[in-house]
Amino acid sequence: MDREPLLKRKTAISYKTEEETVLRGYNLSDLAEEGYTFCDALFVLFQERLPTENEEKMLEYETAEFLEHSMSPSAAGAIAVISGRPHLPAAIAGAVMTFGSAHGPGAAHGYMMHRYIERARVEGKTIDEMGKILVDEYINAGLPVMGLGQPQHTDGDPRAEPTHIKHEELGISGVYLELQRSIEKHFNEWRKKNGKSFVAVNMIGAGNTALAELGFSPNAAWCIGCVCRGFSCAAHALYNMKKGHAWAASKREPMVQMLDLSMIKYIGPDDRPVPSQEERQEYAKKQKKEGEYKKWAL
Amino acid sequence: MGTIGNLDDPRLPFDYSKREHGNVEPDSKRARFQWVSEVAYKNVHRVVSRGYDTTELVEQGYGLADIIFIDFQARIPLVEEKNMLNYVMILALDDGLSSPAAISRIVSSSQTLLTQAAGASILAFGHAYGAFQPFGEMLDEYLSTAEKEGKSLTEIAEALVETHLNDEFLGVSCLMLKDPAAKRMFARAEKLGVAGKYIAFTREIIKAAQKISQEPVDLDMLGAMGATMMDLGFSPEATWVILAVTRAFAGGAHFCEQTEREPFERFGQRLTPKELYDGPEDRAVPSLEERRRFAAAEQYKTPEEWKKGFDEKKKMKGTGWAIVEDIADPRTMKK
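Keeping their order, the protein sequence lines are chains W and E. Sequential numbering from 1 applies to the first sequence in our numbering. Sequential numbering from 1 applies to the second sequence in our numbering.
Honestly, I wouldn't trust all of these hints.
Calculated pairs, DSSO-like style, for lysine-lysine (alpha carbon to alpha carbon, straight line, at most 27 Å) [as the list claims (entries may be wrong)]:
(1) 57/W - 42/E
(2) 265/W - 29/E
(3) 317/E - 8/W
(4) 251/W - 29/E
(5) 178/E - 16/W
(6) 183/E - 16/W
(7) 251/W - 315/E
(8) 315/E - 274/E
(9) 166/W - 132/W
(10) 42/E - 166/W
Chain E is nowhere near these chain W residues, computed Cβ spacing over 12 Å in every case [as the list claims (entries may be wrong)]:
(11) 90
(12) 125
(13) 128
(14) 132
(15) 140
(16) 141
(17) 143
(18) 181
(19) 185
(20) 189
(21) 192
(22) 198
(23) 257
(24) 285
(25) 291
(26) 296
Source of the hints: derived by calculation from the structure; they are not laboratory data. The C-beta atom is built at its ideal place from N, Cα and C for all residues, glycine as well.
Just chain E, same shape as in the assembly:
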């Protein structure tokens, strides 16, 4: 067979006409693949998490919150810590018809399995709604700076608020000015003796935010749960997923209710009224022959041209050009 397409191009990294066929032989030089885990193992007769047989744990009276500590932190929690985790999880269980419930209901309305809807509700937890990871990382970053630079909690809280006052993950906002639940959580943590540096620091953040905010602000549920979970020893990522999974139980209830009370959605059923549309005016579709006259290539040859095109594209909603995601910057990365 002759050359196929560009597959004889000299810039290719190897000779495409001499590529081998078939499977790669098993690698006998290295150990065979195994599911390596520090978390858990099982054999025919046991399931073991962090060294503890899970059946022995439950027979000894350990419960759900205990096993979460064991799985994530490889330790048995103090009774006060277990009680505090139960407290946080109760508050995390439900939030009315917010994103996780809405996602679960939308998925349910297609007549899916419950696990699809409950699983999908977990996806609602991002870096704004349920932003426990950025919240925790922010606390860690500033606390580490305070330690290195010998600054007080008050000083670094002020610096933090100056940068993050309007961020969704600050943990201080106008959301819970009338609901005491978040403040009660901190009080309970202090009463149980499990409050530590994260709650102390968050209290300073509240004060700093209240000083400079134009509107009344106070501790919100993100800040209360985030700081409490971190004082219980959970990492920002662990906090994020534990609370996301906790909410998914309610996602399951919303699946049930949606299925019980609402009709299923049909493919093509929903209309989008033109009043909601603000894209290009209606226009005739050119024939394929006419395309040459209509279609214009959009490649840029210089950074200036690129910038101009970039800014133009940002005006088109739904194309993704106006979204800026923060990615790691090697110039500021620590080794």
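Excised from the complex, chain W in its bound form:
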């Protein structure tokens, strides 16, 4: 049996021999035997260190809380993919891949915080001053300030503020939480001044801030959040696989299904005759010249 690595790469993450699998210097089996948790192991994976008990608690809190979020793009993605009945991992992979610049943009939020903390250092400003500068710059550029607002939880994500509070309670707050709190304060001051309603912190603002404070890089933090959601997406996909109808279009169901024909609302060009091959070249020239197609081109 070929047991060579699939890729020849130098790696600082782990090695595996016939005798053991070693992650950042720790034998995985020994870690488990000593009673460390999976969250402890995530610190080892991404930071080459074992966390303090409170750091581990914070990560447990956050991953447990972030794991399930009912119907978000990720769960909806998993359900849509599994409706075609591929192997389960395809649905879960699809779900994890829904995380991008709108759904859980954790890495971007992390990089935003790094940029402004660095500027505070270089420009000799306080974190609070830099929070205001950040808000002003984002608003002036017409960019959404990351970490605030949630389209479903319009009064504030029920998980977010408790995460901030836990962050403080566990005594692990630092520059990241200070900056995030400052962003929230200055953003809402601006909104109030402009007659706009209060917008609460969301799980990126709260959760990603805590992950940053725990020492995770923007991408490591993003990985933890998004992959953790994969667990619940797996449950949603599995539920639909075992108890739902494949294809999601059955007419026999008492409820209109996700892919029932009536769920489709087409708003594109009106139906039009297909030109014959003899007519095609003239037709295509005219169509291109008139340019109406540009209205529809994506």
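Since the structure of chain W is already known, use the hints to place chain E on it.
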């Protein structure tokens, strides 16, 4: 407009010239579409999994492994069960530069988002690597036979091994003869009091395999994790995806390391040396006019012709003809 192509063929199931245009009207006779779920719901102020408010859960001190139990099994696990799941997940987290890490790195090398690489690593879990579904289904099938036919675990383990000795999903192999990690997992499950019928049965499978195998074999990590997860109450499918997702965290670390240490790949950059090629000899491309002389149709008129052609096609690597996938056989399906 006259007839288009074959669209007036009498064999068509309806009159194509009279097809309706436009959207289908909303169905007012049935309930509107909703995302039906037994798993979770949320409203403006709550996220609820299997009846438990997730913020209340974490404020009460429940952690990641607890929520996995709640999501998949709709129950709060015993402390021992939670500890055992943490144990299994630590062992599932990393496996060196194996398939999930390699996939994640290949995806990363194109300069993608981390979520693409970590997500893609999950796709490494199939029915050979990470074959927790077939492994679990195999155990369930044989345990059910034992119960129906009143056979002992030893008897059915021997029958199972006779059929599956060389299968990738047996859970017993030569992979962990020197690494005690798999055996320690069973010992820990027994010590925590969470070992049940699946671990007991797998122990019988090991004995049966050791009796007839030509080479030394023992419990491997697939068997250890698969049986332990099923004794924790997870279905074969749940086990499969929970462990695949667990590994994806390491997929994320490999994304980071690949990006930090290696250059990005460019489109068209990689060469494939001719020494690696063993397909048809280099040949001249015929002109379109010459095609009539070169091209031969490959349709078969009889099952015999088809079989002959089928066997010929199997010799061409990379065409898919030599792959046989097992699909459901209605003759052996239970209602």
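| field | Ascending list of hint numbers which this structure does not respect | value | Result: hints 7, 11 and 23 break, sorted rising.
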